[in-house]
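Engineer: As a plain string of letters, each chain reads:
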Amino acid sequence: MLYAILCYHDEAKVDAWTREEDEAVLAKRALVTDELEAAGRLGPSMRLMSTPSATSVRSGTEPMVIDGPFAETKEQLLGLYVVDCASQADAVEIARRLGRDETGGFEIRPLKLYKPGAIKA
Amino acid sequence: MLYAVLIYDDEEAIGALPKAEFDRLIANHEGVQEKLAADGKLGPVARLMPTTAATTLRQGGETVLLDGPFAETKEQLLGFYIVDCASLEEATEAAGQIGRACNARALEIRPVQLYHPGIGLK
Amino acid sequence: MTEIGWIGAALTGARPRALGALLRYFRDLDTAEEAFQEACLRALRLWPVKGPPRDPAAWLVMVGRNAALDQVRRQSKTERFTDDAEFEDSEDPEAALVEGLDGAHYQDDVLRLLFICCHPDLPATQQIALALRIVSGLTVREIARAFLVGERAMEQRITRAKRRIAEGDLPFGTPSQDERDQRLAAVAAMVYLLFNEGYAASGGDAHIRLPLCEEAIRLARLLLRLFPADPEIMGLLALLLLQHSRALARLDADGTIVLLEDQDRALWDRAMIAEGLVLIDKAVRHRRRGPYQLQAATAALHARAARPEDTDWAEIGQLYAALERLQPSPVITLNRAVAVAKVDGPEAALALIEPLAEPLAGYFHFFGVRGALLSQLGRTDEARQAFDRAIALAHTPAEAAHIRQHLDRLMKNGRPT
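Residue numbers (the numbering used here), protein chains in the order written: chain P, 1 to 121; chain W, 1001 to 1122; chain X, 2001 to 2417.
Since the hints were derived computationally from the structure, they do not count as laboratory data. Worth double-checking, as some hints may not be accurate.
Said to hold, decoys possible - Calculated pairs, DSS-like style, for lysine-lysine (alpha carbon to alpha carbon, straight line, at most 27 Å):
no.: 1; chain 1: P; residue 1: K74; chain 2: W; residue 2: K1035
no.: 2; chain 1: X; residue 1: K2050; chain 2: W; residue 2: K1074
no.: 3; chain 1: P; residue 1: K74; chain 2: P; residue 2: K13
no.: 4; chain 1: P; residue 1: K112; chain 2: W; residue 2: K1035
no.: 5; chain 1: W; residue 1: K1019; chain 2: P; residue 2: K112
no.: 6; chain 1: P; residue 1: K28; chain 2: P; residue 2: K13
no.: 7; chain 1: P; residue 1: K115; chain 2: W; residue 2: K1019
no.: 8; chain 1: P; residue 1: K28; chain 2: P; residue 2: K74
no.: 9; chain 1: W; residue 1: K1035; chain 2: P; residue 2: K115
no.: 10; chain 1: W; residue 1: K1074; chain 2: P; residue 2: K112
no.: 11; chain 1: W; residue 1: K1074; chain 2: P; residue 2: K13
As the list claims (entries may be wrong) - Not close to chain P: a few residues of chain X, all C-beta gaps over 12 Å, as computed:
no.: 12; residue: T2031
no.: 13; residue: D2121
no.: 14; residue: E2142
no.: 15; residue: N2196
no.: 16; residue: L2267
no.: 17; residue: A2283
no.: 18; residue: T2333
no.: 19; residue: K2342
no.: 20; residue: A2351
no.: 21; residue: K2412
All values derive from a computational prediction rather than experimental measurement. Quick reminder that beta carbons are idealized off the backbone N, C-alpha and C, glycines included.
With these hints in hand, go ahead and build the complete structure from the sequences.
Structural biologist: This is the structure in structure tokens:
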């Protein structure tokens, strides 16, 4: 089954990482994703820009365009992974490894539908 | 540039839609996907299961595993599109099509900083 | 989607929360329902013009409460001091109310609303009818149709049941954890009954009444959203999803029941199965097994089998044995016997169900299973007797037709060549 691992972090903290810290996090996560990719279990993964870069549209008779994220939360959705896992426990374990020594959190949500699309990175 | 178009809506209201109406929304989505694909703009599309199927791992100090979504919000993240667009304006236009397809309560358009395609999961 | 379609769905979705909060406020079901009704009318008028509010449930509570208070003021001939348009325009009262209606309140409010429908003096079907009317907001006509009774009869039933509730002490205090657990268990049982009412109708022509099943799933989902860490509620929702995933395959074009092993598995709803399996996965983590989880696990073993012969009957037998220990009942033993027949053969299964003859003397499925086991053993005459008894006990034409198929097969095979 495919799972989305949604990454939530306090973006103020993430944005304050030094370049070295940032690279260290990416390197640590690459250990996990490389392994998943080699096993044929890694779908698309991405890092989103922090929420000030977002534009939101709220529906209504006159749709309202808002600068910034839709949901005002203490931690922000900053990235996601699509992974193929045998069970929820398996997906949780991957999230645990991805986030080792970090603060913030992950939401592990199974996918109901997935279409790979056709764009290149 | 890649943009994530995040779709938010009220799960409870979606759950109360008559099946015919819901099926129509899905068909609308497929129409939008075909159009975006024809324009070479369509990346991965995913629909998530309801938040009742989610598990959350919270870290910092002690790591805890919780049932349910990470963020308790009035509307829930129900799915996303990744679209390849030349500008925010183009991405907003694409998001508009997606929004009209399902009358979603809200859409968030967020530029993607890093993208890794992975292998072609089915 | 049409504007009205969306508004209808939003009103239905918000109903349990809004009505639950109004009930807490007014402490009277009729007043709460009237207030909610009034709020819905205003929503239908205002939302298309002004767009949906940020939090539909909170909006409905606020507007419903003000409308009802207005009504009281009008009756006491006092002047109104707020203008409808004014409070409906203002965002602030809503924000304040949203603050007051945090998750914990909604949790108890919705649970109370469902729990009062489970009044122990009310027969199960009335509990279900009441929940459909009050919590789901189905019309009396819709409920009457689902139960295959006249509209007037259903109206009377619901009115009587409501009076019963009003006479009793409504539980308005904040429940203790124990009380909350008890309420949740009673409500879960009622949701399960509602599903079964749709899944295997207790009478009439429509063997599967899908809307009742769908409504039960919606209520189970609502419960899980309110109690996200309760493994039995995960089990309940998983069980309902897994059973319902087979809805399209359970009846053939003529409305005859198709047995699990004969069903076209391509017709099973894979998305529902996937969600059911996830929920079982989630529940397992809590290591507190209960009846719903065990039943869901059994349903999952069927769902996982690509072909009937891939079914893990030994594991199913063990799950039923665990269920028997938790909740001894002849019906569960009967179910275990079906698994035993697959693993150890019909003789062993027959021995297992022999003591059930008395407690299940009026149970359709007992004679269906018994007849099938006897016919496997070549005891044709006894098998025919059992099948005849099953037909006499059938609740629906589909059940009877299904047994008649067995009899036909028996006749064909038993006839001298």
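Engineer: Does each hint fit the structure? Answer for all of them.
Structural biologist: Structure-based check of all given hints:
1. Of the supplied pair hints, the one linking K74 (chain P) and K1035 (chain W) is violated, its CA atoms being roughly 36 Å apart against a limit of 27 Å.
2. Restraint check: the Cα-Cα separation between K2050 (chain X) and K1074 (chain W) comes to about 19 Å, which is no more than 27 Å; the hinted pair holds.
3. Under the criterion of a C-alpha separation no larger than 27 Å, the hint pairing K74 (chain P) with K13 (chain P) is consistent with the structure, at around 11 Å.
4. For the hint pairing K112 (chain P) with K1035 (chain W), the CA-to-CA distance comes to about 22 Å; that is within 27 Å, so the pair holds.
5. Between K1019 (chain W) and K112 (chain P) the CA atoms are separated by roughly 16 Å; this keeps the pair inside 27 Å, and the hint holds.
6. Pair hint K28 (chain P) plus K13 (chain P) holds up; C-alpha atoms about 18 Å apart against a cutoff of 27 Å.
7. Distance restraint check for K115 (chain P) and K1019 (chain W): the Cα-Cα separation of roughly 22 Å lies within the 27 Å cut-off, and the hinted pair is therefore satisfied.
8. For the suggested pair K28 (chain P) and K74 (chain P), the alpha carbons sit about 25 Å apart, so the restraint of at most 27 Å is met.
9. At most 27 Å may separate the alpha-carbon atoms for a hinted pair to count; K1035 (chain W) and K115 (chain P) meet this at roughly 14 Å.
10. Straight-line distance between C-alpha atoms of K1074 (chain W) and K112 (chain P) comes to about 21 Å, which keeps the hinted pair within the 27 Å bound.
11. Between the alpha carbons of K1074 (chain W) and K13 (chain P) the distance comes to roughly 26 Å, so the proposed pair stays at or under 27 Å and holds.
12. Listed as a non-interface residue, T2031 (chain X) keeps its Cβ farther than 12 Å from every Cβ of chain P; the least gap is roughly 31 Å.
13. Every Cβ of chain P is farther than 12 Å from the Cβ of D2121 (chain X); the closest lies at roughly 41 Å, confirming the non-interface assignment.
14. At the 12 Å boundary, the C-beta of E2142 (chain X) stays outside the reach of chain P, the nearest C-beta of that chain being 28 Å off.
15. For N2196 (chain X), the condition that its CB be more than 12 Å from all CB atoms of chain P holds, with the nearest at approximately 26 Å.
16. L2267 (chain X), annotated as away from the interface, keeps every beta carbon of chain P farther than 12 Å; the closest lies near 19 Å.
17. Interface exclusion of A2283 (chain X) from chain P breaks down, the closest Cβ pair being 10 Å apart, not more than 12 Å.
18. Remark: the non-interface label on T2333 (chain X) is consistent with the geometry, its nearest Cβ contact in chain P lying 31 Å away (cut-off 12 Å).
19. The claim that K2342 (chain X) is not at the interface with chain P holds, since no C-beta of that chain comes within 12 Å of its own (minimum 26 Å).
20. Look at A2351 (chain X): its CB is around 38 Å from the nearest CB on chain P, clear of 12 Å, so calling it non-interface holds up.
21. With a least CB separation of 44 Å from chain P, K2412 (chain X) remains clear of the 12 Å interface cut-off, as annotated.
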